[in-house]
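Sequential numbering from 464 applies to the sequence shown in my numbering.
Source of the hints: derived by calculation from the structure; they are not laboratory data. Glycine residues also receive a C-beta, built at the ideal position from the N, C-alpha and C atoms. Among the clues, some could well be false.
Claimed, not checked - Distance windows between CB atoms, simulated:
| # | residue 1 | residue 2 | range |
| --- | --- | --- | --- |
| 1 | SER924 | GLY580 | 54 to 64 Å |
| 2 | GLY998 | VAL653 | 52 to 62 Å |
| 3 | SER497 | ASN1094 | 43 to 53 Å |
| 4 | SER835 | HIS581 | 34 to 44 Å |
| 5 | ASP697 | GLY841 | 24 to 34 Å |
| 6 | THR545 | GLN699 | 21 to 31 Å |
| 7 | PRO506 | LEU1005 | 50 to 60 Å |
| 8 | GLU834 | THR598 | 35 to 45 Å |
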Amino acid sequence: MAKFSVSAQSFTLLSDFQPQNDPVVKEFSLNVTSDDLLLTFTPSRNSFAFLNSLEIVSIPDELFPVGARTIDPPVKYQSFLTEAMETVARVNMGNHSVSPQNDTLWRLWVSDEPYLGHVNLVTFVSNMKAVNYSTKWPTRDVAPPSVYGTATRLNSRLDPRTRVNVTWSFSVDPNFQYLVRFHFCDIVSVSPEQLFFNVYINSWLVALNLDLSNLTSNILGTPYCMDVVTTSSDGQVLSVSIEPSTLVTPYADGILNGLEIMKLSDSRGSFAARDFKVNSKKKAWVIVGISIGLSFVALFSALFFFVVCRRRRRSSLVGHSADDHIVNNAGGNCQTLENKHASGIAIISCSKIGYRFPFVAIQEATDNFSESLVIGFGGFGKVYKGVLTDGTKVAVKRGISQSRQGLAEFKTEIEMLSQFRHRHLVSLIGYCHEKNEMIIIYEYMENGALKNHLYGSDLPSLSWKQRLGICIGSARGLHYLHTGSTKPIIHRDVKTANILLDENLMAKVADFGISKAIPEIDKTHVSTAVKGSFGYLDPEYLTSQQLTEKSDVYSFGVVLFEVLCGRPVINPSLAREMVNLTEWAMEWEKRGELKKVIDPCLKGDIKPDSLLKFGETAVKCLAEHGVNRPNMGDVLWNLECALQLQGNDERPNLNGDSDPLPDNVGHFETSISSSQFSVGSAHSLADVSMSRLFSQMVKAEDKSTD
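Produce the entire structure from the sequences given, and follow the hints as far as they go.
Right, here's the structure in full:
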């Protein structure tokens, strides 16, 4: 069992830390006064320390206050430069999460709904257009428009004489002081001096009759921040409340747009960190990045098999990129989004599910679901192209109805996509479940489904190397599903319509609505009702109803022949012996004449050895019994061999230029010359063990970096 302490400079960040089975993300901020930052991991006796990911970024001076007001007594607190801080919560109000892609500093702002005490006392408000950064501070780096453009508001239908308050509660460590930053922006008033309310931390009054107009020069929509330092107490809950003003107003009112809570180090420079435990009644939160600047350093580490990877960006807001793989899903307990749907199915809300969009935001992104923006259809519903307020392109899948089956697939897809991030799996951006709507928001894939590039459209033909690269990328995604966690995930609907291509033709597997996880490590299958697409279904699964990873392998074998032949899996208009693609292609492969059934667009483009290796791989995937099929790791290996056998020949690409190697094929896969292991034919490779060939590839990579 790992047990260790972590220190940075003179601060103790973690003490006798014992990570449990859930991923943990820790974020700390501290002032670094020298050119070096020293991090020390100290294992406890007879134990060990480990770290999965570490990121260090500098923060603008403006992000943290030089001083803030305390509440007991109400004096100015000025010790921030000599203390470290640990991020406890970063919350966006309005029941709307803000993704790292929508924050200039790559932070995740989680929805406030799980922390609310009485949802019936509030209304959720969204008015992004009202936000006006008219002052020098706060800036977009302090909080993005998506924070200031949403708010949780006291229900205006309440009697103004009603003395109610709205409270958000957070679990904290006792005997520490906390910096609480309130984010306000009046996006609800039609004229100044209409909004007055009181603000509390625990039972302490922070602001009486708060008038945002007076604080923002009577300019509506101007962001405003208020920093308060709490007193040290033995309580384990920190609550924040707003209540109607004591002034005479026409109705009860009050808003909060965002909230950040930072734990301050004690007088010894320690956080006295205890074992991380998730409160079963609260969502855990994930912190993803801080910001760019000079004076502070934000440090966060992902512990226990949790990896954060991203490409650092400098611009204010950029579109979602295939290289932006921010893992913002940490462990945590799940709760129901709604108590229960009319169909009897409970929808799950997890700490692992990052972003919940209000329906109005999705309507705006899709021009109210304009038919001109429809880019696809499926069993679940239509898929629309959308553009978020920051310009990010997204794909929006809207459920057809609130059927039991549709709701189950909606729940499954969100749960599955929130568990992983991988270069070759389509990323979840968010979801919406309100007003009887079931909507999932994904990253937008510029080139659509692989199927459309093979037949039935006017799109330019893909070269053989492009097709190989797409198959390799898809195989990597499926291999990750099968092996990337303790519970293998079976996709169950592998087909060319569910393999999407980005602007660089990089493949990503999509549509996880009927995916299934094998619940126990020692189980090799799961018994379940047969689901999938006609023509791709594993015959063994059809007869036994036992689903295994080899069921995906079979479906992928069908995909391989579809890619090679450039025709539908089932085509009743053809001659009887040609109707079923797999039977037809396998018959020609057995005769050794597979070249007679390849896509006419590929004539003269495929080297014989590459075709032979590819055909053998597809046939093995289509073995009648799963035990005789390769696993996805072996399939991936053989496809990479087929690519190597094709060599480095180039042909004009879709734009008339020479075809580069597909972006999803790494450098080390192509850096080996044929002389290194005599790639004379597919048969010579067949006798080389995977471990031996892999060692050759690694050696080649080492040489390339000398």
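When you take the CB atoms of GLY998 and VAL653, is the distance between them in 52 to 62 Å? holds (59 Å)
For the pair PRO506 and LEU1005, does the Cβ-Cβ distance stay inside 50 to 60 Å? Between PRO506 and LEU1005, where Cβ atoms are some 52 Å apart, the hint holds.
Verdict for GLU834, THR598 (Cβ pair) under range 35 to 45 Å: Hint holds: Cβ distance 42 Å, inside 35 to 45 Å.
For the pair ASP697 and GLY841, does the Cβ-Cβ distance stay inside 24 to 34 Å? violated (54 Å)
Within 43 to 53 Å or not, the Cβ separation of SER497 and ASN1094? holds (51 Å)
Using the Cβ atoms, figure out if SER924 sits within 54 to 64 Å of GLY580. holds (60 Å)
Could you check the hint for me, namely that SER835 and HIS581 are 34 to 44 Å apart, CB to CB? Check passed, 42 Å falls within 34 to 44 Å.
Indicate whether the distance between the beta carbons of THR545 and GLN699 respects the range 21 to 31 Å. Hint holds: Cβ distance 26 Å, inside 21 to 31 Å.
Hint compliance for this structure: hint 5 alone is broken.
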